[in-house]
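**Student:** These are the residues of each chain, in order.
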Amino acid sequence: MTLVANAILAIDPTAQVSVTAEDINKITWHDGNPNRITAEQIIEKQAALAIQAEADAVAEVNRMASAKEKLEALGLTTEEVKTAFGI
Amino acid sequence: MSKLKVDQISKATGASPATFTLPAADGTAGQYMKTDGSGALSFGTVTIPAGGKILQVIQTAKTDTDSTTSTSFVDMAGMTVSITPSAATSKVLVFLNLNINSGDLYMVNMRLLRDSTPIFIGDQANSNRARSTFVHRLKDAQTYGNYSGQFLDSPATTSATTYKMQWAEESGATATLNIADHGSDIFKYGTTSSTITVMEVGA
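Line order of the protein sequences matches chains E and V. Counting in numbering that gives the first Met the number 0, the first sequence runs from 0 upward without gaps. Counting in numbering that gives the first Met the number 0, the second sequence runs from 0 upward without gaps.
With the rest of the complex left out, here is chain E (with noise of 0.2 Å):
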């Protein structure tokens, strides 16, 4: 999960916050949340940023296939693709 912190700045990349043990009933705003964000747009935001994580993690797994494929077409072995560039 996203941090809370991370999904607060996500939605105000300015703000001042601390976030003791992750809890988003213990938010300090050092700013006095001048944007008025909610502890619902947070959550939401989180949720949006794990969906993101993931689809991120995946989009990277399937090019690096791609860059495989690509250059085991060129006539490179599996193993010297794997020597000269580690995937």
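Once the Cα atoms are required to be at most 27 Å apart in a straight line, the calculated DSSO-like pairs of lysine-lysine come out as:
id : chain 1 : residue 1 : chain 2 : residue 2
1  : E       : Lys25     : V       : Lys187
2  : V       : Lys163    : V       : Lys90
3  : V       : Lys187    : V       : Lys138
4  : V       : Lys138    : E       : Lys81
5  : V       : Lys187    : E       : Lys81
6  : E       : Lys25     : E       : Lys44
7  : E       : Lys44     : V       : Lys138
8  : V       : Lys33     : V       : Lys2
9  : E       : Lys81     : E       : Lys67
10 : V       : Lys163    : E       : Lys25
11 : E       : Lys67     : V       : Lys138
12 : V       : Lys33     : V       : Lys4
13 : V       : Lys187    : E       : Lys44
14 : V       : Lys52     : V       : Lys163
15 : V       : Lys90     : V       : Lys52
16 : E       : Lys81     : E       : Lys69
17 : V       : Lys10     : V       : Lys33
Label pairs and their calculated CB-CB ranges:
id : chain 1 : residue 1 : chain 2 : residue 2 : range
18 : V       : Asp63     : E       : Glu79     : 47 to 53 Å
19 : V       : Phe94     : E       : Thr76     : 51 to 57 Å
20 : V       : Asp114    : E       : Asp30     : 21 to 27 Å
21 : E       : Lys67     : V       : Gly189    : 29 to 35 Å
22 : E       : Arg62     : V       : Thr142    : 19 to 25 Å
23 : V       : Gly189    : E       : Arg62     : 27 to 33 Å
24 : V       : Asn127    : E       : Glu78     : 48 to 54 Å
25 : V       : Ser192    : E       : Gly31     : 29 to 35 Å
26 : E       : Thr27     : V       : Lys187    : 25 to 31 Å
27 : V       : Ser192    : E       : Gln51     : 28 to 34 Å
28 : E       : Thr27     : V       : Thr161    : 16 to 22 Å
29 : E       : Lys81     : V       : Pro117    : 50 to 56 Å
No lab work stands behind these hints: they were computed from the structure. Yeah, the Cβ is synthetic: ideal placement off N, Cα and C, and Gly gets one too.
Following the hints, complete the assembly by docking chain V onto the known chain E.
**Tutor:** Frame of chain E; chain V shown alone:
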């Protein structure tokens, strides 16, 4: 029961054995026997030096997590410990152990304070650099930086004194304590604990 009564004792062999004169009266419980260097024995009391004794030890162990996006120093929640020195001449030895993380290459400044006074920090260099106890920066949002240090303070008080940590994050990222900035809820992304310990050392 037989009783041996002598005023002096001496080793039976040797060219010129020393002769010791026994004390006229017994000492008190726990005393030791000593010589004046001329053979006169007497009783003495062991004196333990007053300085350097650990008079009390207090520790706070923070096992939950904390995080901040603040770009100016704010308290690190829970990383605080209070001690009331028994004498104004006592020193306080502070031990720190922190597990810190942040986003890739983002910098975290940390400092130790006695009440509201920063201590164990660097001198001011240039005009804008933070004066810190530790500075964290790693090219990995999943690797902890472990920061440990000791500082001998002279609070010169017998009032309750609080030692605490503050931190500030570089703009645009989150500094974390006891948990990695990135990572999901699976085994390998472990959490940690951090401690702040104070010892009163007698003068």
